[in-house]
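Asks: Sequence:
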Amino acid sequence: MTTTTPTDLFERELQKLYHAELEILDLHADLAEAAASDEVEALFTDHEADTVEQIHRIERIFDELGEKPQASGSPVMEGILAEKDQIVSTNAPPELRDLDVLSTGMMNERFEITVLDRLLLVAADLDVTDEITTELAANRQEAKAALTEMKAIVERRRLE
Numbered sequence: 001m002t003t004t005t006p007t008d009l010f011e012r013e014l015q016k017l018y019h020a021e022l023e024i025l026d027l028h029a030d031l032a033e034a035a036a037s038d039e040v041e042a043l044f045t046d047h048e049a050d051t052v053e054q055i056h057r058i059e060r061i062f063d064e065l066g067e068k069p070q071a072s073g074s075p076v077m078e079g080i081l082a083e084k085d086q087i088v089s090t091n092a093p094p095e096l097r098d099l100d101v102l103s104t105g106m107m108n109e110r111f112e113i114t115v116l117d118r119l120l121l122v123a124a125d126l127d128v129t130d131e132i133t134t135e136l137a138a139n140r141q142e143a144k145a146a147l148t149e150m151k152a153i154v155e156r157r158r159l160e
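Just so you know, the UniProt record's numbering puts the end of the sequence shown at 160, numbered straight through with nothing missing.
No lab work stands behind these hints: they were computed from the structure.
Treat the hints with caution; some may be incorrect.
[What the hints assert, rightly or not] Calculated pairs, DSS-like style, for lysine-lysine (alpha carbon to alpha carbon, straight line, at most 30 angstroms): (1) LYS16 <-> LYS151; (2) LYS68 <-> LYS151; (3) LYS144 <-> LYS16; (4) LYS16 <-> LYS68.
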């Protein structure tokens, strides 16, 4: 897809976000399985329902735009997935494994937030409907909350 207009940029980023969220379902399952502690495992397992709802919001945005949902990969997301693959295939000590799992989760949340920020910025210029902006903002808020929760676990363990 050639990006020559703000609409092109919005569509490209929305497709990128949709692809990321679809991948995140598997990513979180793999990270939960790789976690050493029940706390970290539960964090990623419990986030599945949020991810499913985020996917539904993106699908509603596509519908609002009169488009069929379409996913388009991103080199950044592919890098996060490669990082995850490396982590789940190692036998690090439990404390390091949880740190690796949480760090990968935080990379993912930061990527989501960045794409959502870009979408919200372009959405303001395109004067899209309030429904679209509300859906994007809700996804951003959930990604931010997940990032905050992961950072809190890392910080709490650092202080132990």
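Asks: Sort out whether LYS151 lies within 30 angstroms of LYS68, counting only the CA atoms.
Replies: violated (36 angstroms)
Asks: Please verify whether LYS16 and LYS68 have alpha carbons no more than 30 angstroms apart.
Replies: The hint holds at about 14 angstroms.
Asks: Sort out whether LYS151 lies within 30 angstroms of LYS16, counting only the CA atoms.
Replies: The hint holds at about 25 angstroms.
Asks: CA of LYS144 to CA of LYS16, is that 30 angstroms or under?
Replies: Status holds; Cα separation ~18 angstroms.
Checked against the numbered hints given earlier, this structure breaks only hint 2.
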